[in-house]
Amino acid sequence: RPSNSTSSAINTNLLCWGKNERGQVGALIAGRRQDVTEPTPVFNSSQGPIDVDTGPEHTCAIVAGDSSIQGTRSGDLYCWGDNRLGQSVPVDRENAPEAGPSVERPSLYSSPARIEVAYMQFAQACSGDNYSCALSDEGRLMCWGTNSHGQLGPINENTLLTRPTEIFPGTRHVEIGCGAQHVCATSLEGESTCWGRNHLGQLGQPPEVLPQSDTPIPLSQDNTPFRFEVLSQGEHTSCGLTQEGLLYCWGN
Numbered sequence: 036r037p038s039n040s041t042s043s044a045i046n047t048n049l050l051c052w053g054k055n056e057r058g059q060v061g062a063l064i065a066g067r068r069q070d071v072t073e074p075t076p077v078f079n080s081s082q083g084p085i086d087v088d089t090g091p092e093h094t095c096a097i098v099a100g101d102s103s104i105q106g107t108r109s110g111d112l113y114c115w116g117d118n119r120l121g122q123s124v125p126v127d128r129e130n131a132p133e134a135g136p137s138v139e140r141p142s143l144y145s146s147p148a149r150i151e152v153a154y155m156q157f158a159q160a161c162s163g164d165n166y167s168c169a170l171s172d173e174g175r176l177m178c179w180g181t182n183s184h185g186q187l188g189p190i191n192e193n194t195l196l197t198r199p200t201e202i203f204p205g206t207r208h209v210e211i212g213c214g215a216q217h218v219c220a221t222s223l224e225g226e227s228t229c230w231g232r233n234h235l236g237q238l239g240q241p242p243e244v245l246p247q248s249d250t251p252i253p254l255s256q257d258n259t260p261f262r263f264e265v266l267s268q269g270e271h272t273s274c275g276l277t278q279e280g281l282l283y284c285w286g287n
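For any residue, its number in the working numbering is found by taking its place in the sequence shown, counting from 1, and adding 35.
Since the hints were derived computationally from the structure, they do not count as laboratory data.
These numbers come from a predicted model, not from an experiment.
Be careful, since some hints might not be right.
[To be verified] Here are the computed lysine to any residue pairs in the SDA-like style, where the Cα-Cα straight-line distance is at most 20 Å:
#, residue 1, residue 2
1, K54, R68
2, K54, S142
3, K54, Q69
4, K54, T75
5, K54, P74
6, K54, E270
7, K54, G269
8, K54, G83
9, K54, T197
10, K54, R67
11, K54, L143
12, K54, E73
13, K54, S145
14, K54, D70
15, K54, R108
16, K54, I64
17, K54, R119
18, K54, T72
19, K54, F78
Based on the sequences and whatever the hints tell you, model everything.
What follows is the structure, given as structure tokens:
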């Protein structure tokens, strides 16, 4: 699904390459947004990547920086690439520049832009089709962008979240993954769920029964709930890895 690729290198730098029409690689070649044919550093060597995820034309990453707490796997949140629907860098973030009547939201970011949320450090990020989510080090799930199929929770469809907004504030999460228009997560209590679009069974339910859901749907087999330690979502596919090392997949 992603038109670009990323890798965390041995020296803890983040390398990206591939299609770069919307700035999704995060690096300019000769000052231009041309396709990148070899792995290229995105951050400087003092910024160690903790987590990264690519959407179709944008990327988000968690990077250890000056404000990171030493000894923890949390850091600062950066996104870049296509921003026509605010899926990369929300206009109402904490560190946004003062907006005047003639200021418009940039349609793309060709280099990483930090997204600040007051008093938050982040542990994980994921990028879907025209939306992004990030998990704070306290397990709070923050999302922004467009809510085409309930993937941003119980708000009106096609609502545009212009600032990082906490989704399901009564629940703390330890793992998240973003598909095209669906999200899966594992809560602190150990329940794995999915929500959003389900036209191909990517929520683990028959699509003719549940075409989509804006609330979390528990994942289970024979009435036994799943607790996935790792979640990875494709465009319309979901996979989860259990603590025992068993891999389950569902969807398209």
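### Task
List, from low to high, the hint numbers that the structure doesn't satisfy.
8, 9, 15
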